[in-house]
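Undergrad: Sequence:
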Amino acid sequence: LLCLCVELSSRNGNGSTNLKLYENFASIELDQGSPVHLLENKEAQTISVYTEKTHSAQRMLTVIQSMLSKVNHDVMGAGLTWETYVENATTKELVRLSEAQRRKWSPWFHSENQQETEKISSQSV
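When you line the sequence shown up against this note's numbering, it's residues 107 to 231, in that order.
Some clues are possibly wrong.
[Claimed, not checked] Within a straight-line C-alpha distance of at most 27 angstroms, the following computed DSSO-like cross-link-like pairs (lysine-lysine) qualify:
(1) K210 to K176
(2) K210 to K159
(3) K176 to K126
[Unchecked claim] Beta-carbon label-pair distances, calculated as ranges:
(4) R209 to V181: 28 to 36 angstroms
(5) T152 to V181: 14 to 22 angstroms
(6) K126 to K176: 30 to 38 angstroms
(7) G185 to T152: 12 to 20 angstroms
(8) E129 to K210: 35 to 43 angstroms
(9) E129 to R209: 17 to 25 angstroms
(10) L127 to T152: 26 to 34 angstroms
(11) Q138 to E199: 19 to 27 angstroms
(12) Q138 to T197: 16 to 24 angstroms
(13) S175 to H143: 17 to 25 angstroms
(14) E205 to L127: 27 to 35 angstroms
(15) E113 to K210: 25 to 33 angstroms
(16) T168 to E146: 14 to 22 angstroms
By construction, these hints were calculated from the structure, which means they are not laboratory data. Remember, it's a predicted structure, so these values are computed and weren't measured experimentally. Think of the CB as a built atom: it goes at the ideal place given N, C-alpha and C, for glycine as much as any other residue.
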């Protein structure tokens with residue numbers, strides 16, 4: 107997943123100057139001025155993705171989901187399963203992506219009735 111993020115960042119002209127790598131954490135600009143942070147929790151088998159800019163949250167969600175699908179089909183032989191959660195801005199709880207989509211929660215699905223949030227968490231199952 108990180109390799110795909112680095113590739114996308116370099117294609118968007120961001121180079122590696124905005125890339126920060128640590129043992130279980132990475133920070134990268136997939137789009138100019140829109141940092142994305144990935145945090146791995148090996149024990150919980152989760153990768154949490156944080157965006158700093160709500161205007162890019164829906165795009166980042168779509169990009170990360172596409173990358174996970176690509177890794178699943180190209181590398182894992184379609185054997186990887188995961189669940190995606192987004193943060194409810196009101197309660198600060200993680201809710202299934204399907205629930206957020208059904209309710210059209212912003213910024214993920216551009217609903218004017220919902221407050222913005224900036225956290226995505228994908229959990230391997």
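Undergrad: Confirm or reject each hint.
TA: Hint check:
1. Under the criterion of a C-alpha separation no larger than 27 angstroms, the hint pairing K210 with K176 is consistent with the structure, at around 26 angstroms.
2. Only pairs whose Cα atoms come within 27 angstroms are accepted, and K210 paired with K159 is accepted, the gap being roughly 18 angstroms.
3. Between K176 and K126 the alpha-carbon distance is near 23 angstroms, which keeps this suggested pair within the 27 angstroms criterion.
4. As the Cβ distance of R209 to V181 is approximately 33 angstroms, the hint placing it in 28 to 36 angstroms holds.
5. The supplied range of 14 to 22 angstroms is met by T152 and V181, whose beta-carbon atoms lie about 19 angstroms from each other.
6. At about 23 angstroms, the beta-carbon gap between K126 and K176 misses the expected band of 30 to 38 angstroms.
7. At roughly 18 angstroms, the beta-carbon separation of G185 and T152 lies within the given 12 to 20 angstroms, and the hint holds.
8. Checked against the hint of 35 to 43 angstroms, the pair E129 and K210 passes, with Cβ atoms roughly 37 angstroms apart.
9. For E129 and R209, the Cβ-Cβ distance of about 36 angstroms falls outside the hinted range of 17 to 25 angstroms, so the restraint is violated.
10. Take L127 and T152: their Cβ atoms lie about 19 angstroms apart, and the range 26 to 34 angstroms is violated.
11. Between Q138 and E199 the Cβ separation comes to about 32 angstroms, which falls outside the hinted range of 19 to 27 angstroms.
12. Checking the proposed 16 to 24 angstroms range against Q138 and T197 shows it is violated: the Cβ atoms sit about 32 angstroms from each other.
13. Checked against the hint of 17 to 25 angstroms, the pair S175 and H143 passes, with Cβ atoms roughly 21 angstroms apart.
14. Between E205 and L127 the Cβ separation comes to about 33 angstroms, which falls inside the hinted range of 27 to 35 angstroms.
15. Remark: the range hint 25 to 33 angstroms for E113 to K210 is upheld by a beta-carbon distance near 31 angstroms.
16. With their beta carbons about 21 angstroms apart, T168 and E146 fall inside the hinted range of 14 to 22 angstroms.
Going through the hint list in order, the structure does not satisfy hints 6, 9, 10, 11, 12.
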